[in-house]
Amino acid sequence: MSLTSLMADRLAHGRPIRAGVIGASKFATLFLAQARHLPALHVAALADANPERAHTALALAAWPPAKAVARSLADAIDSGGTWVTGDPMSLCEQEGLDVVFEASNNAPRAITHAIAAMERGIHVVMASIEADALVGPWLAEQAARRGIIYSLAYGDQPALICELVDWARACGFQIAAAGRGIAWKPGNEAITPDTAWAHLGLSPDQARASDHDATGVTATLDGTRAALELASVANATLLEPPQAGLAFLPCGTHDLPHVFRPQQDGGRLPRAGMVEAASCLEPDGRAVAGALRWGVFVTFTSPANHSKLSFTEFGLLTDDSGTYAARWRPHRLAGLEAALSVVSVCLRGEHTGCPRAWVADVASVAKRDLKPGEILDGIGGYCVRGILLPASATAALLPVSLSQGAVLKAPVAAGHPIALSDVDLEQPCQALLDIRRRMKAREFQ
Numbered sequence: 222m223s224l225t226s227l228m229a230d231r232l233a234h235g236r237p238i239r240a241g242v243i244g245a246s247k248f249a250t251l252f253l254a255q256a257r258h259l260p261a262l263h264v265a266a267l268a269d270a271n272p273e274r275a276h277t278a279l280a281l282a283a284w285p286p287a288k289a290v291a292r293s294l295a296d297a298i299d300s301g302g303t304w305v306t307g308d309p310m311s312l313c314e315q316e317g318l319d320v321v322f323e324a325s326n327n328a329p330r331a332i333t334h335a336i337a338a339m340e341r342g343i344h345v346v347m348a349s350i351e352a353d354a355l356v357g358p359w360l361a362e363q364a365a366r367r368g369i370i371y372s373l374a375y376g377d378q379p380a381l382i383c384e385l386v387d388w389a390r391a392c393g394f395q396i397a398a399a400g401r402g403i404a405w406k407p408g409n410e411a412i413t414p415d416t417a418w419a420h421l422g423l424s425p426d427q428a429r430a431s432d433h434d435a436t437g438v439t440a441t442l443d444g445t446r447a448a449l450e451l452a453s454v455a456n457a458t459l460l461e462p463p464q465a466g467l468a469f470l471p472c473g474t475h476d477l478p479h480v481f482r483p484q485q486d487g488g489r490l491p492r493a494g495m496v497e498a499a500s501c502l503e504p505d506g507r508a509v510a511g512a513l514r515w516g517v518f519v520t521f522t523s524p525a526n527h528s529k530l531s532f533t534e535f536g537l538l539t540d541d542s543g544t545y546a547a548r549w550r551p552h553r554l555a556g557l558e559a560a561l562s563v564v565s566v567c568l569r570g571e572h573t574g575c576p577r578a579w580v581a582d583v584a585s586v587a588k589r590d591l592k593p594g595e596i597l598d599g600i601g602g603y604c605v606r607g608i609l610l611p612a613s614a615t616a617a618l619l620p621v622s623l624s625q626g627a628v629l630k631a632p633v634a635a636g637h638p639i640a641l642s643d644v645d646l647e648q649p650c651q652a653l654l655d656i657r658r659r660m661k662a663r664e665f666q
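When we follow the numbering used here, the leftmost residue of the sequence shown carries the number 222, and every step to the right adds one.
None of these hints come from the bench; they were simulated from the model.
Below, simulated DSS-like cross-link-like pairs (lysine-lysine); rule was C-alpha separation at most 27 Å, straight line:
{"hint": "1", "residue 1": "Lys592", "residue 2": "Lys630"}
{"hint": "2", "residue 1": "Lys406", "residue 2": "Lys588"}
{"hint": "3", "residue 1": "Lys247", "residue 2": "Lys288"}
{"hint": "4", "residue 1": "Lys247", "residue 2": "Lys406"}
With the hints as extra help, turn the sequences into a complete structure.
The structure is reproduced here in structure tokens:
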């Protein structure tokens with residue numbers, strides 16, 4: 222049955238899906254903007270450590286002011302309104318919600334919220350990709366043990382890529398590569414919040430008017446965001462990460478099946494079955510024709526020769542041999558599509574991407590020469606960026622999702638990975654490292 226039919230049935234029985242949203246990020250704000258037009262979806266609570274930010278998000282989403290005055294979660298459920306709170310944990314620890322949509326973009330806090338919600342039997346849709354890349358396989362296992370669902374958020378690239386991979390595999394195709402587009406060229410790894418706007422051709426005032434966040438933009442431009450997202454994809458699909466970080470191969474859509482095929486077949490992949498990024502910029506900064514900046518893609522082949530002969534016949538773009546084909550989606554709609562995850566989880570009992578094993582990880586690399594005593598400012602800042610690596614290679618390295626607030630004990634040169642032994646971490650981070658050690662000991666492969 223279609224999701225719209227399932228929603229109509231749920232509404233007809235007077236049982237709207239009750240969702241709680243954590244984090245008034247732009248992604249969450251876009252989710253709210255669409256959620257208010259879905260009668261079967263009741264956003265009963267919105268939590269952000271800064272309640273003013275939460276009210277701003279509701280205003281941007283054109284939330285009716287009279288709907289945002291509930292005094293508690295229970296009051297919101299009874300009245301059909303929305304409870305706004307500055308205490309995300311209070312949202313997770315109460316009865317009445319079907320699903321929590323986590324979009325706080327802070328890995329330690331997001332993981333704490335997810336655990337608290339799951340302990341109450343509440344499904345979790347994880348839009349904080351920093352958290353999923355850090356301990357997603359463990360969170361998915363915790364949900365499965367409780368008979369609930371942990372899901373990536375549709376509309377963000379990881380879930381969209383997982384959808385393409387699932388389509389290809391369900392058809393019996395073999396994956397060559399899957400990934401996302403990005404505007405990246407050599408030198409971007411040193412971008413900071415001070416230089417990010419110039420790379421986008423925006424003034425600070427224009428950026429603010431578009432509701433852009435400097436750290437978020439920096440994390441996208443320096444490659445950290447792509448590393449986090451493709452770590453989540455690798456862990457959900459079991460596709461392999463590159464051995465030494467993403468190559469960010471310049472490629473337009475017309476060249477996808479040529480570039481993203483194994484080297485032995487004329488492509489640029491070390492092997493088949495990988496995650497990788499397609500840059501819309503040449504190394505010298507020139508634009509790539511047919512760029513896939515906001516989109517996602519999959520390249521694939523078939524073990525059946527007769528099927529490969531039909532690729533071109535049915536309009537698929539193929540390489541010059543007709544062996545490899547590509548499908549892509551040129552856009553993503555971020556939070557505008559995220560309701561699909563919430564509805565799918567609650568009405569179909571299906572995730573829209575979920576970690577299956579610990580295949581890939583994202584480690585911290587110094588953006589500049591770092592000195593002892595410095596406090597790292599985390600993802601999208603001035604000190605570090607993230608690099609995608611096989612999980613088997615990162616046991617001694619500082620996860621980029623735990624880099625914020627870490628205090629350096631030893632100097633680290635620009636471009637070098639930061640070891641765990643190089644930093645002091647706060648206790649909450651130590652607890653998450655313990656989870657990761659348990660993940661490795663249980664061999665999530």
